[in-house]
Structures are given as C-alpha cells and as structure tokens.
Amino acid sequence: MNISGLGIFCLLLTLAGYYSSKILYRRHRKVWFAPIIAAPVVILAVVASLHIPLAGYFTYTHWLAALLAPATIAFAVPIYRERNLIKQYPITLTVGVVVGLLLGLGSSWLVTYFTAMPAELSNSLMVRSVSTPFAIEATPAFGGVPGLTAMLVLLTGVMGMLICEPLFKVAKIKSSVAKGMALGASAHGAGAAKATEIGRQEGVIASLTMIFTGVAMVILAPTFAALIH
Amino acid sequence: MTTTLTKPTPSVRIKNSTIKFTQVCLFCIFSWACHIVAIKLNSPIPGSVIGLAVLLILLSMKLVPEKMVNNGATWLISDLLLFFIPPVVSVIKYQDILEHFGTVLLSSMLIASTIVLLGTAFTVDRLFKFEHQYRAKKQLQGAI
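Quick note, the sequences are listed as chains A and B, same order.
Counted the way the numbering used here counts, the first sequence spans residues 1 to 229.
Counted the way the numbering used here counts, the second sequence spans residues 1 to 144.
The hints are simulated quantities; they were obtained by calculation from the structure and are not laboratory data.
Glycine included, C-beta positions come from ideal geometry on N, C-alpha and C.
Misleading hints may appear alongside valid ones.
The calculated BS3-like cross-link candidates involving lysine-lysine, where the alpha carbons are at most 25 Å apart (straight line), are [what the hints assert, rightly or not]:
1. K67/B to K20/B
2. K172/A to K129/B
3. K87/A to K138/B
4. K87/A to K129/B
5. K67/B to K87/A
6. K137/B to K87/A
7. K87/A to K174/A
8. K62/B to K87/A
9. K174/A to K129/B
10. K7/B to K62/B
11. K169/A to K137/B
12. K22/A to K172/A
13. K174/A to K67/B
14. K20/B to K62/B
15. K22/A to K15/B
16. K20/B to K7/B
17. K22/A to K129/B
18. K22/A to K7/B
19. K15/B to K67/B
So these bits of chain A aren't anywhere near chain B, every CB distance computed over 12 Å [claimed, not checked]:
20. W32
21. A74
22. V97
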C-alpha cells in the first residue's frame, strides 16, 4: 500500500469506527458501545495491530483534527442560546466555574506531586479536566504533549461519566445545577453527554460549565503554569 | 422544536445537508481568519477563543442571526469526539510510558476526578440554594 492509499484507509477507518459506534450506541445504549469508549479503542487496536506508522495515519486524518478550532468557535452558539439561564444565576455559575477550574488543576497537581511520573505525562495531566480543543491549546504552557493530553482528557471524561452517579448518591447531591456543573467541570464533553441523559437542564448547565472552564483554562494557562513550576 | 413523525423527503434532506455543510465551511473560513489574526497580533490567546468571543458578540448584537450558524454549530459540537480521535491515536508513541505507569496514572486520576466532582457539586449545591432564595426575596420585595 502506498502512502496515500494508507492515508485514505486510515481516514475511512476513523470515520467508520466513529459513526458505527455512534449508531450502535443509539440502538443499544450499552456503555461499551459509547463512541467515547468504543471508537478510540477499536481504531487504536487496528492501527497498533497493523503497525501503521503515525505519519501515514495522519496523512488525511489531520484534517479531522483541524476541525477542533471551528468547533471551539461554534461553542458561542450554545452560550448565546442559554443567555437567559446565565443571567438568572450569575453568581452560582461564576463561582462554580472558578471552583471547578481550580479543583481540576489543583487535584491534578496534587496527585502528580505525590507520585513519580515522567514530566511529559505529569505535565499533560494538568489540563485533563477541560474539553479537548481547549486542552490541546493550553497544554504546551504546562510543558504537556498534545497527543498524551488528548488521551488523558478522554480517560478523564470516561471516568467522570462512570463514577458520577454513585458519587452523587453517596454525597446526597440532588440539585440539577450542582450535578450539571460538577459533570461539566470534571468530565467536559463526556460529562455533558452524561448530564443530558440525567436531564435537559443538567445537560445545558454541564455544557456551559465545560465551555467556560475551557476558555478560562486557555487564557490563564501561562499564569497557572508559572505558579506551579 | 418540531418533531416530525414522518421521514423528511429526500429533497428536504438534501437542502438541510447543504445548509449544514455551507455553515460548517463558513465556520472553517472564519476560524482560519481568526487564526491568522492571532498570529499577526502575536496574541497569547489562540485564534479559536478569539473567534468564539467575536461570534458571541456578533450574535448578541444581532449582526449575525442565530439561524445562520445554528445547524453548522450543532454538527461541529455533536461530532467533536470525531475530531479528537486522531490526536488520541498518536499516544501509540507513548505506549511504553503508559504501560509502565498505567496503574499509578489511573488510580491518581480516579482520586483527582472524585475531588473535582464532589468539590464542585458541594460548592454549587450550597451556593445555588443561597442564590435561589436571594432571587426569590428580591422578587418579593419588587412585588411589594
């Protein structure tokens, strides 16, 4: 297979892996079919087992990653759409975003402080609780690597999705605003998807929290990095 | 929101797809322009975040109608996961590190995520009750 043939194969593999898991999840609602779990696992397994070189994998798929920037801009639309909700609870939303952002960063810093991990791994962990497009922009300030960061962000999302319900039950968290904000701040996109399953209001609040913490992280990353190092 | 029980006709579907595709293209062009501006200005804030702010201002001032960007934005946001699969695949480079530190990594992430979830939920839960009562009191005073 020549390079461009391989490139097309990888692009089709990525599209097929993603959309088939999306369709399967819509039909069966089993957590292991969820696109955030099934799609990366299947695609990584194929790329690893066929020993496809990364340069070949990226020939055309880097165009998919290029859509992360337009997707970031698109976040303006849900903020505009939910402007009335934002105006209703400005204090709760602001404080929630600040607390969520600081806890996300602080908790990552705390665990890397007590464990011995290689620098590129521990640095990439810092932005793990914000959404991928923001995390990838913010991670170089901390000395993180975009590839590792994307993986850690994904794992964080899956983890938050799985542990949220038992935690909310144990901690007796009932209000939809608290659930939504906690999910958006800790598990970004995956958290927002989970929150939407719990309820519409939870989903909207989680999405807003995810966007605001992401923007704040990108803007404040150099400052935070200077404080940590 | 309109829910159609009957399937949309092919011509309607083609029209909707064309609208969505055009809007996504507009987002891409705008994003590229913002990127160039950010580089030219040597901005510490990336072009995408500048673009988000600019679009939000344009929407608030009604200079851009919501209808013009709605479908494209919905598609870009709902398929966000597809766009970050390529960066995730590049972790193959770091396979050794991840295998070696996998357990430490996962357990520390679990602890950290628990802190964020509970900390945020507790804070917001208390604060929301306070702000809700405050608003109710203010409205009551306004009524008197």
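Cross-check of the supplied hints:
1. K67/B to K20/B: Since the Cα atoms of K67/B and K20/B sit roughly 11 Å apart, the hinted pair holds (cutoff 25 Å).
2. K172/A to K129/B: 14 Å, holds
3. K87/A to K138/B: 15 Å, holds
4. K87/A to K129/B: 16 Å, holds
5. K67/B to K87/A: 22 Å, holds
6. K137/B to K87/A: The given pair, whose Cα atoms are some 17 Å apart, holds under the 25 Å limit.
7. K87/A to K174/A: 22 Å, holds
8. K62/B to K87/A: Cα-Cα ~18 Å, so holds.
9. K174/A to K129/B: With a Cα-Cα distance of about 11 Å, the restraint between K174/A and K129/B holds, given a limit of 25 Å.
10. K7/B to K62/B: Answer violated: K7/B to K62/B is near 33 Å, above 25 Å.
11. K169/A to K137/B: 30 Å, violated
12. K22/A to K172/A: Violated. K22/A to K172/A sits at ~32 Å, over the 25 Å cutoff.
13. K174/A to K67/B: Violated, at roughly 35 Å.
14. K20/B to K62/B: Within the cut-off at roughly 20 Å; holds.
15. K22/A to K15/B: 24 Å, holds
16. K20/B to K7/B: 18 Å, holds
17. K22/A to K129/B: Violated, because 37 Å separates the two Cα atoms, which is more than 25 Å.
18. K22/A to K7/B: Holds: K22/A and K7/B sit about 20 Å apart, inside 25 Å.
19. K15/B to K67/B: 15 Å, holds
20. W32: Non-interface label stands for W32/A: nearest chain B Cβ at 15 Å, farther than 12 Å.
21. A74: 4 Å, violated
22. V97: 9 Å, violated
In summary, the structure is inconsistent with hints 10, 11, 12, 13, 17, 21, 22 from the numbered list given earlier, while agreeing with the others.
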